[in-house]
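Asks: Make a model of the complete structure from these sequences and hints.
The listed protein sequences derive, respectively, from chains P and R. In terms of the working numbering, the first sequence is residues 8 to 149. In terms of the working numbering, the second sequence is residues 6 to 138.
In short, the hints are calculated from the structure, not lab data. Don't take every hint at face value.
To be verified - Listed next, the in silico SDA-like pairs over lysine to any residue satisfying Cα-Cα at most 25 angstroms (straight line): (1) R:113 <-> P:108; (2) R:56 <-> P:29; (3) R:56 <-> P:33; (4) R:113 <-> P:93; (5) R:113 <-> P:72; (6) R:113 <-> P:74; (7) R:56 <-> P:37; (8) R:113 <-> P:33; (9) R:113 <-> P:92; (10) R:56 <-> R:98; (11) R:113 <-> P:82; (12) P:121 <-> P:82; (13) R:113 <-> P:105; (14) R:56 <-> P:74; (15) R:120 <-> P:104; (16) R:120 <-> P:93; (17) R:56 <-> P:106; (18) R:113 <-> P:97; (19) R:113 <-> P:121; (20) R:56 <-> P:41; (21) R:56 <-> P:75; (22) R:74 <-> R:12.
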Amino acid sequence: MNGHGRIPILKVGRVLVVPIQVDMDDQTVLLLQERILTELERTGARGVLIDISLLEMVDSFIGRMLSDIAAMARIMDARTVVVGMQPAVAITLVELGLELNGVDTVLNVDEGIKLLRDEFGIGAEEAFDGGLNFVGEQINPS
Amino acid sequence: MENRSIPLETERDIAVARNEVRNIASQLGFRIIDQTRLTTVASELARNIVKYAGRGRLITQSASSATGKRGLRLIFEDEGPGIADVDLAMRDGYSTGGGLGKGLPGSKRMVDEFKIESIAGQGTRVTVVRWIH
Ligand SMILES: Nc1ncnc2c1ncn2[C@@H]1O[C@H](COP(=O)(O)OP(=O)(O)OP(=O)(O)O)[C@@H](O)[C@H]1O
Ligand SMILES: [Mg+2]
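Replies: Right under this line is the structure:
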């Protein structure tokens, strides 16, 4: 992958949706973390839904980013849900001994939306068109 | 497969190393879960070199055992500061760099063979092998 900050952050209802589509180098990981927090503050979103279904690997660096985002989002009164972890990634996370502290993991985006709504009362589905199509405004598309 | 040497100097090289390892592992016929293990190990050990030694290299070799198993050997070596107490460094949670201390012990759990050699002041070499099961 080339270029930093190519990962879009979408605002859907009161939820930030972050579809990670590429293998990220460390710089990109740190930049993404920063952008998510900036957007949380700017938009007042209450949930962060990070889709990692296309991530083929989560090492200690990315694992730590996910926990850090959850911890910082929590301070800003937002919940973080990670969706779509590949089975092989889940296995290596356990073997590495990483616990994604403060991060809820679910199988797919629909379940992530449901969790945010049912458990935390954070609505996003009204902005969804047929469940999986993001129609929210795209912020920071750079 | 020919031996390859991949330089590890910048953070970008860590991503390059893990892509190489995934491609090689896939070509050799490893199943997805083992490709993922090897890629994760490459990411952890390459990052250790860039972070603690500044620079080094990854050498990839196809391996075969006395009993006819085939596999992949990865050698991560550097001429950095070395590790004063290897037993300590292998412990879960031990980190001198504000990390989680999972890279070395976690990598060991994801491979079939794991050897770490380090001499203070001279450098570190970590050799891992995963067999195709
Ligand atoms: N190539 C190396 N050269 C010098 N010291 C090293 C090297 N690799 C590891 N170490 C030392 O061993 C310690 C443990 O490494 P390990 O990868 O397990 O954890 P970490 O890098 O500190 O944290 P994490 O990998 O979980 O982010 C490091 O903190 C460092 O002191
Ligand atoms: Mg490490």
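Asks: Please list, smallest to largest, the hint numbers that this structure does not respect.
Replies: Failing hints, ascending: 11, 16, 19 and 22.
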